[in-house]
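Make a model of the complete structure from these sequences and hints.
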Amino acid sequence: MAQPFPYTYYSCDCYDSKTASIPTKRSSQPPPPEDEDERTFDPRNPRSNYSLYPLEHLLYCEDCQQIRCPRCVIEETLNWFCPSCLFEVPSSMIKSEGNRCTRNCYNCPVCTSPMMVNSLEPPDPNTDDRSGIGGPWVLSCPYCHWSTVDIGIEFEKHTGITQQLSRIANGGKPIPTQKERDKERDRRKELESKKKEREILSESDDSPTVDRRRVDGSLSHEELFSNLSAFYKSQIASATPSNPFSPHDINFSSPSSFSRIMNLYSSTSSKKQKQAKPTPMREAASTLEGLTIHDSAADATAIERIKKEGWSITLSSTQKHDQLNPNMQFDDELRPVATLLRTKRGKRCRNCRHILSKPESKITSTRYKIKLLALNHIPRLSLRALSTTTAQQNPTPGTSAPLTFDYNALKSGIPTHFLLTLSNPLFDPIRVTLATPSTTPGKIQSRITILCPQFEVGANTDVWDDALSSSLSPVKRGSVIGPDGQIQGGIEAGKIWDRGRNWTRVVIEIVPGFLKPVTGLAFGGNGGVPEEMLNEDEDVLEIPIFVRLEFEADVSAEDRGLSDSKESEKDKREKREEAFWTVIGVGRIAAI
Amino acid sequence: MNPLLQAKSCQGVPNILLNLGQTCNHPLLSSLYSSSHPPIFPAPLRTHLPPSSLLPTRPLTSSTALKHPQDSGNKVSRRSAITGTANITLGGRTVIQADVHLRGDLHPTRAMPRSDSSGREVIPTSISIGRCTVISTGSVIKPPSRVSRGQVHYYPMKIGDNVFVGPNCSISAISIASHVHIGVNTTIHPFVIIKENVKILPNTVIPTQMVIPSGSVVGGRPARVVGEVGEGWGVSAGGAGGGGLGVGGGGEKNWVEGGDLRELVRSIK
Ligand SMILES: [Zn+2]
Ligand SMILES: [Zn+2]
Ligand SMILES: [Zn+2]
Ligand SMILES: [Zn+2]
Chain H
1 MAQPFPYTYY SCDCYDSKTA SIPTKRSSQP PPPEDEDERT FDPRNPRSNY
51 SLYPLEHLLY CEDCQQIRCP RCVIEETLNW FCPSCLFEVP SSMIKSEGNR
101 CTRNCYNCPV CTSPMMVNSL EPPDPNTDDR SGIGGPWVLS CPYCHWSTVD
151 IGIEFEKHTG ITQQLSRIAN GGKPIPTQKE RDKERDRRKE LESKKKEREI
201 LSESDDSPTV DRRRVDGSLS HEELFSNLSA FYKSQIASAT PSNPFSPHDI
251 NFSSPSSFSR IMNLYSSTSS KKQKQAKPTP MREAASTLEG LTIHDSAADA
301 TAIERIKKEG WSITLSSTQK HDQLNPNMQF DDELRPVATL LRTKRGKRCR
351 NCRHILSKPE SKITSTRYKI KLLALNHIPR LSLRALSTTT AQQNPTPGTS
401 APLTFDYNAL KSGIPTHFLL TLSNPLFDPI RVTLATPSTT PGKIQSRITI
451 LCPQFEVGAN TDVWDDALSS SLSPVKRGSV IGPDGQIQGG IEAGKIWDRG
501 RNWTRVVIEI VPGFLKPVTG LAFGGNGGVP EEMLNEDEDV LEIPIFVRLE
551 FEADVSAEDR GLSDSKESEK DKREKREEAF WTVIGVGRIA AI
Chain B
1 MNPLLQAKSC QGVPNILLNL GQTCNHPLLS SLYSSSHPPI FPAPLRTHLP
51 PSSLLPTRPL TSSTALKHPQ DSGNKVSRRS AITGTANITL GGRTVIQADV
101 HLRGDLHPTR AMPRSDSSGR EVIPTSISIG RCTVISTGSV IKPPSRVSRG
151 QVHYYPMKIG DNVFVGPNCS ISAISIASHV HIGVNTTIHP FVIIKENVKI
201 LPNTVIPTQM VIPSGSVVGG RPARVVGEVG EGWGVSAGGA GGGGLGVGGG
251 GEKNWVEGGD LRELVRSIK
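Residue numbers (UniProt numbering), protein chains in the order written: chain H, 1 to 592; chain B, 1 to 269.
Worth flagging that the hints you see were computed from the coordinates, not collected in a lab.
Here the structure is a predicted model, which is why all the values come from computation and not from measurement.
Just to be clear, a hint being listed does not mean it is correct.
[To be verified] A few chain H residues facing chain B, derived, Cβ under 10 angstroms:
1. Leu58
2. Ile74
3. Leu78
4. Asn79
5. Phe81
6. Cys82
7. Cys85
8. Cys111
9. Thr112
10. Pro114
11. Lys344
12. Arg348
13. Thr364
14. Tyr368
15. Leu373
16. Ala374
[Said to hold, decoys possible] Pairwise CB distance ranges (calculated):
17. Ser145/B x Pro4/H: 30 to 36 angstroms
18. Asn408/H x Val226/B: 19 to 25 angstroms
19. Arg167/H x Val147/B: 29 to 35 angstroms
20. Ala435/H x Asn185/B: 35 to 41 angstroms
21. Glu536/H x Val147/B: 43 to 49 angstroms
Using N, Cα and C, we set each Cβ at its ideal position, and we do this for glycine too.
In structure tokens, the structure reads:
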């Protein structure tokens, strides 16, 4: 999801198959250690797309002591609900009815907007009560004004739309129920077999059969499916008893057991037995059995129709995909789309299976029983342009608008200073080491310098401590800010810019690269080289920053129980280390 | 049964094209319109704002200064246009920025008890906005309406706590729950219901009566759910909960989308 500049994404290293592989596999092929240290994270690598997340989307496994992203968790469905009517659907119903709402919730097949049930008749102004409003009713889209009138469907009642819709075909014709369909199929089959007998008797005219085929060619999707499923059912039923190797047929006196036993002793009959093996089930051979034969005449009529009525009657691919019948071509075949259900899910660590998040199962509740957020375990990085920050720090009441920094127009070649703030959510102070490549990967090379890559960030202690201590530690800086908001000095390498209770701020100098190579330098020789085209978003300045933390934390109670209890108080603290890549979207380089 | 319909029938006004599809038996609407009418919201806006400062016809001052009523902490721009102030309630620490139009004059006219048990006259509420909610520059808040017997009927609208409405939005939802973030230039059509912890991307158009379940990210025209907010949505880092983290001084954004907006409200001058 696009975020406004400047943004920070955090990388989960599970995108790398090496680290995500199963431990046993890892031990057999240890990765070269120098490779891991020297590798820089490239935000432009297509694979990076799958590892970068905003901090609020990341969880943290306290057992693995690692970030967990949507890719390295296992989801467990707690319940199903309709996003439109917010009713919970029991899982037994999901199995029988499928994953769509069976109430009155429908989405527009044209624009996806939720549809409304409206009366076609204007209400009688003289009647007092609502029941006075009569049908017929229609499903209509409040956004694009498509309605079931467009496909010739009206409803008698305003409730039970799903049941009514399942009985009405486009154009208003009734759809036969499953029972009626089965009956009709049997009747036709009988007819056909009788006809065959007759044909054998007199091979003269086969015109009625041809006619029948034509009619069958326009069978609906559902009818074809029911025909096919009925055919397979009958095939399985007819195949099962004849199978001599059926595991259920263990009765000694059954004919198949006898034949099996007899085969053991007589070699002569073995060949015969092979022939007696059930023939593979045959495939559907007629429309009544669910066979669809490609009809070129249908294609021709479709083409004729498009010629006459234009492209507008055809469907877009997304509209087609939303429909249950994937073979739809024209807008008069559209059906309202029953709303897809949504789920409430819990998440577990893929490695150790510990629960990372578990919402309360009630649909109306937004609370969590368990929620282990990464933002409570790893520091938040945020970037701001230095000039803006200082301008807002000293707001002059007289001036009209504060100086705003345009992150969408970074100036090529001009060193710009940014403040990078690290805030620490942990209750222990952390030592931070930042690392970044000196130039950004990608076609446009911007130079990055972190002026103070090593520093400490205070613990996330009580807010009141901050209030008490903040007045005691005023920021001493030799910087002078000019009237234009430019810094005229005071930025020193190796020194932090500012610090507070649980945050520290350092300066990053960025020299945005040039969108086009400077033409003056490439003067001689290869003037014939075509100008390299920039891809989409290649002018976005993103800097990869590697963050490493070291801190001492209390040994968790679980681990302490395992260790020797005679150890001194000091040993109850353990050194911990954490490291991850982040990508900071600074802004967009302005075209000159 | 939908109380909306009950209200209709007791008054004897049938509706043209009254939707029955999604609102029928709707648990949300029933909770909205059930027992709690007249509303139990804090004192009406007029107690904090002299009406003279709210008339849209009043010549606009050049400064963008906002008013700071002492007791409620509401910050209402002198350059906002608020009509029907008696029908509007602000929850406290609510921010109404310049060029915002609140249409409190479009209040419900349907039958309801003229007075409560103590005999006082009941003022119909048309817009109620919760605590620490920010309505940004140029947005229009207009209660939803239906036409019935040639007459327009308005329905009260409720916006929850810690809701951020971006600049230049047009909102006619029936209910917006708490911790909702609405991006710039969004249009919300009548009778939309937005549940808690929802993020609406900029330039979205939400069609009439759409229900947006909690935890959704919504975008597009017409709107559709394009994702889910993360588990950490609205949680400001530090975990100390609500304003615990002093991300600190100068210009640093110390509030998060969907979180507690107290700090944002404080920073708006
Ligand atoms: Zn991961
Ligand atoms: Zn539903
Ligand atoms: Zn539509
Ligand atoms: Zn784990």
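Now for the hints, and whether the structure bears them out:
1. Leu58: holds, 7 angstroms
2. Ile74: Constraint on isoleucine 74/H not satisfied, violated at 15 angstroms.
3. Leu78: violated, 13 angstroms
4. Asn79: violated, 12 angstroms
5. Phe81: It holds, given that the least Cβ distance between phenylalanine 81/H and chain B is near 7 angstroms, below 10 angstroms.
6. Cys82: With a closest approach of 9 angstroms, the cysteine 82/H hint holds.
7. Cys85: The hint holds - cysteine 85/H has a Cβ within 10 angstroms of chain B, the shortest such distance being about 6 angstroms.
8. Cys111: holds, 5 angstroms
9. Thr112: It holds, given that the least Cβ distance between threonine 112/H and chain B is near 5 angstroms, below 10 angstroms.
10. Pro114: OK, holds: proline 114/H within 10 angstroms of chain B, min 5 angstroms.
11. Lys344: holds, 9 angstroms
12. Arg348: violated, 13 angstroms
13. Thr364: Since the shortest Cβ distance to chain B is 8 angstroms, the answer is holds.
14. Tyr368: Holds - the Cβ of tyrosine 368/H comes within 10 angstroms of chain B, reaching about 7 angstroms at its closest.
15. Leu373: holds, 5 angstroms
16. Ala374: holds, 7 angstroms
17. Ser145/B x Pro4/H: 30 to 36 angstroms: holds, 34 angstroms
18. Asn408/H x Val226/B: 19 to 25 angstroms: Roughly 23 angstroms apart at Cβ, these two residues keep to the hinted range, so it holds.
19. Arg167/H x Val147/B: 29 to 35 angstroms: For valine 147/B against arginine 167/H, whose Cβ atoms are near 33 angstroms apart, the range 29 to 35 angstroms holds.
20. Ala435/H x Asn185/B: 35 to 41 angstroms: Distance hint for alanine 435/H, asparagine 185/B holds at roughly 40 angstroms.
21. Glu536/H x Val147/B: 43 to 49 angstroms: holds, 46 angstroms
Hint compliance for this structure: hints 2, 3, 4, 12 are broken, all remaining hints hold.
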